[in-house]
Amino acid sequence: MSETSVFIPSGPNDCAKLGPTGWTSCQDGAEVAIYGPVSGQVIGKVHAYTTHEVDEAIEKLEQGYQTWKRTLLVDRARLLHQWADKLQENAPQLANLLMLEIAKNRRDSLDEIQRSADFIHYTAEEGLRLTGETLFGDAFPGQTREKVSMVGRVPLGVVLAIPPFNYPVNLAVTKIAPALMGGNVVILKPPTQGAFAGMNITNLAYEAGIPDNVIIAVTGVGRVIGDYLVAHPKVNMINFTGSTQTGQHIAQKAIMVPLLLELGGKDAAIVLPDADIDRARDNIVSGAFSFSGQRCTAVKRVLVVKDIADQLSAKVAEKVMALTVGNPEDDCVVTPLISTQAADFVWDMINEAISQGAVSLTPLRREGNLVYPVVLDYVTRDMRVAWEEPFGPVLPIIRIDGAEEGVALANASEYGLQAAIFTQDVSRAFMLAEELDVGTVQINGKTSRGPDHFPFVGTKASGMGAQGVRYSLLAMTRLKSTVLNI
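First residue of the sequence shown: 1, per the numbering used here; consecutive thereafter.
The set of hints was computed from the structure by calculation and includes no laboratory data.
Fair warning: there could be bad hints in the mix.
Unchecked claim - Calculated cross-link-like contacts (lysine to any residue; reagent style SDA-like; alpha-carbon spacing at most 25 Å): (1) Lys306 / Glu405; (2) Lys234 / Gln356; (3) Lys319 / Asp348; (4) Lys480 / Tyr228; (5) Lys315 / Asp282; (6) Lys306 / Arg470; (7) Lys319 / Thr362; (8) Lys253 / Glu59; (9) Lys147 / Gly157; (10) Lys147 / Gly137; (11) Lys234 / Asp282; (12) Lys315 / Gln356; (13) Lys17 / Asp278; (14) Lys253 / Glu435; (15) Lys306 / Ser360; (16) Lys253 / Val224; (17) Lys319 / Val224; (18) Lys306 / Arg153; (19) Lys17 / Thr50; (20) Lys315 / Ser243; (21) Lys60 / Asp282; (22) Lys60 / Val42.
What the hints assert, rightly or not - Derived DEER-like restraints, expressed as beta-carbon distance ranges: (23) Thr340 / Ala231: 30 to 36 Å; (24) Asp227 / Glu89: 54 to 60 Å; (25) Ala231 / Leu484: 35 to 41 Å; (26) Asp331 / Pro211: 37 to 43 Å; (27) Pro141 / Thr51: 38 to 44 Å; (28) Gly222 / Arg145: 52 to 58 Å; (29) Ala139 / Ala231: 38 to 44 Å; (30) Asp331 / Glu53: 50 to 56 Å; (31) Gln93 / Ser243: 48 to 54 Å; (32) Lys480 / Thr67: 26 to 32 Å.
Every residue, glycine too, gets a C-beta built ideally from N, C-alpha and C.
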């Protein structure tokens, strides 16, 4: 196999499996083909784990847990820093892999690697600051100072980490690093499109000195090992990012297991008459179309007051027409969608809206998985594109009478991830923000994740639990009280 740290498949018959000693060729057993979004052809294969192999991996992790949970915090932090350094050292190769595997452009791929390394470094330092407290009994009526509770945080055990295809490195790292710093061990189930990325960052963790019984990546078909992992009696927590439908399925399967779920969104940008139109335009276009709109935090609909709708829609369409469209190697903003199925879904939604009266302000064009960016004006409430998450390069514009209607429309969604308000009246923006039923409100900025020490929260069908470095550390540990009776 590859002599370098990062393994990149060289052809459709190249099949890889990651073991404790590094990369090996697939020998016996089933394989999973990985398709490249650009070519639509198989770029390589990965080993398909069986349920028996999953049991073996979890048993190995349980053994590792007994040592890792007792490993000094400073030693865990040192190993995490070394892992982050490995990501940075291999950033060009990892970026090449992301371009091949998920069609993310080079600039964004490199940004993802750097952001992941920064997250690990920050988590290592923040984990050293997690402290407990001492409580004396006499603070409660009828008790004495002779009863003392020493409260600290302890790990949960085996954490199942399931990242999505769109950020297979970053959204794996945001699960793994806090889990490890908290004393847990991790079984990583990478997405099919992103399996090579998941295995590679795991291998780099091994090279950094993190034991091979502390993190294990298992690849395979979701219908074979997905439910098996989720319902496994020895999995103590599940941290998942993906579709709402899958998240709800996991919640039904994982009975009494702590969950951290980052799911879908239909993030609205509400533009009021006094907004800085150019600033709103720039943030809306960037927020809607970076990585072809394949982001849960993408701006997925614009709710603009009618007085300025013509002006804003014209400016947005003009800027969208200037976006670069093509292959990731050329650093284009809009690149092929992850699969033909995804492209079909977006294309059908666009055409359905036009048949119902929406007006496309940009040319309709598709080449295989590559859907050119589309701005749809005069979208109405009865159109599917007004409510469903396309996860592609399409931006619906809905004209509203005022701010109150915008808030009501935003809140009528089943999702509650983020929303943006564009206005120069900051006091009013804060008042409207109070009314929005979402995890985060951006004022005069695009909906987006981060900085990564900020809380990242979804309400309703957008998720469960809070993420962000400290919040993730808290979610992947639990309180434990030891009471001293003097």
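Now the hints, each set against the structure:
Distance hint between Lys306 and Glu405 is fulfilled; the C-alpha atoms sit about 11 Å from each other, no more than 25 Å. Among the hinted pairs, Lys234 with Gln356 is inconsistent with the structure: their alpha-carbon atoms are about 51 Å apart, more than 25 Å. The straight-line distance between the Cα atoms of Lys319 and Asp348 is roughly 24 Å, inside the 25 Å bound, and the hint therefore holds. Taking the CA atoms of Lys480 and Tyr228, the gap is about 30 Å. The hint is violated against a cut of 25 Å.
Of the pairs offered as hints, the one joining Lys315 and Asp282 holds, with about 9 Å between alpha carbons and a cut-off of 25 Å not exceeded. Between Lys306 and Arg470 the CA atoms are separated by roughly 42 Å; this puts the pair beyond 25 Å, and the hint is violated. For the hint linking Lys319 to Thr362, the alpha-carbon distance of about 10 Å falls within 25 Å, and the restraint holds. Taken as a hint, the Lys253 and Glu59 pair is honoured in the structure, with Cα atoms around 21 Å apart against an allowance of 25 Å.
About 30 Å separates the Cα atoms of Lys147 and Gly157, which puts this hinted pair outside 25 Å; it is violated. Straight-line distance between C-alpha atoms of Lys147 and Gly137 comes to about 5 Å, which keeps the hinted pair within the 25 Å bound. Distance restraint check for Lys234 and Asp282: the Cα-Cα separation of roughly 48 Å exceeds the 25 Å cut-off, and the hinted pair is therefore not satisfied. A threshold of 25 Å between alpha carbons decides the hint, and for Lys315 with Gln356 the separation of about 24 Å falls inside it, so the pair holds.
Restraint check for Lys17 and Asp278: not satisfied, since their Cα atoms lie roughly 50 Å apart, outside the 25 Å limit. Restraint check for Lys253 and Glu435: not satisfied, since their Cα atoms lie roughly 33 Å apart, outside the 25 Å limit. Distance check on the hinted pair: Lys306 and Ser360 sit about 18 Å apart at the alpha-carbon level, within 25 Å; holds. Between Lys253 and Val224 the CA atoms are separated by roughly 15 Å; this keeps the pair inside 25 Å, and the hint holds.
Among the hinted pairs, Lys319 with Val224 is inconsistent with the structure: their alpha-carbon atoms are about 45 Å apart, more than 25 Å. Simply put, Lys306 and Arg153 have alpha-carbon atoms about 53 Å apart, too far for the 25 Å limit, and the pair is violated. A hinted pair counts as satisfied when its Cα atoms are at most 25 Å apart, and Lys17 with Thr50 qualifies at roughly 13 Å. Restraint check for Lys315 and Ser243: not satisfied, since their Cα atoms lie roughly 32 Å apart, outside the 25 Å limit.
In summary, the hint linking Lys60 to Asp282 is not supported, as the alpha carbons are separated by about 50 Å, beyond the 25 Å threshold. Taking the CA atoms of Lys60 and Val42, the gap is about 32 Å. The hint is violated against a cut of 25 Å. In this structure the supplied range 30 to 36 Å holds for Thr340 paired with Ala231, their Cβ-Cβ distance being about 31 Å. The hinted range of 54 to 60 Å is not satisfied by Asp227 and Glu89, whose Cβ atoms lie roughly 37 Å apart.
About 39 Å separates the C-beta atoms of Ala231 and Leu484, a value consistent with the hinted range of 35 to 41 Å. Taking 37 to 43 Å as the suggested C-beta distance range, the pair Asp331 and Pro211 conforms, at roughly 38 Å. At about 54 Å, the CB distance of Pro141 to Thr51 disagrees with the hint of 38 to 44 Å. Gly222 and Arg145 have their C-beta atoms about 55 Å apart, which keeps the hinted 52 to 58 Å range intact.
Between Ala139 and Ala231 the CB atoms are about 42 Å apart, so this pair conforms to the stated range of 38 to 44 Å. A beta carbon spacing of about 39 Å between Asp331 and Glu53 contradicts the range 50 to 56 Å that was offered as a hint. The given range of 48 to 54 Å is broken by Gln93 and Ser243, whose C-beta atoms sit roughly 30 Å from each other. For the hinted restraint 26 to 32 Å between Lys480 and Thr67, the CB-CB distance of approximately 19 Å leaves it violated.
Of the numbered hints given earlier, the model fails hints 2, 4, 6, 9, 11, 13, 14, 17, 18, 20, 21, 22, 24, 27, 30, 31 and 32; all others are met.
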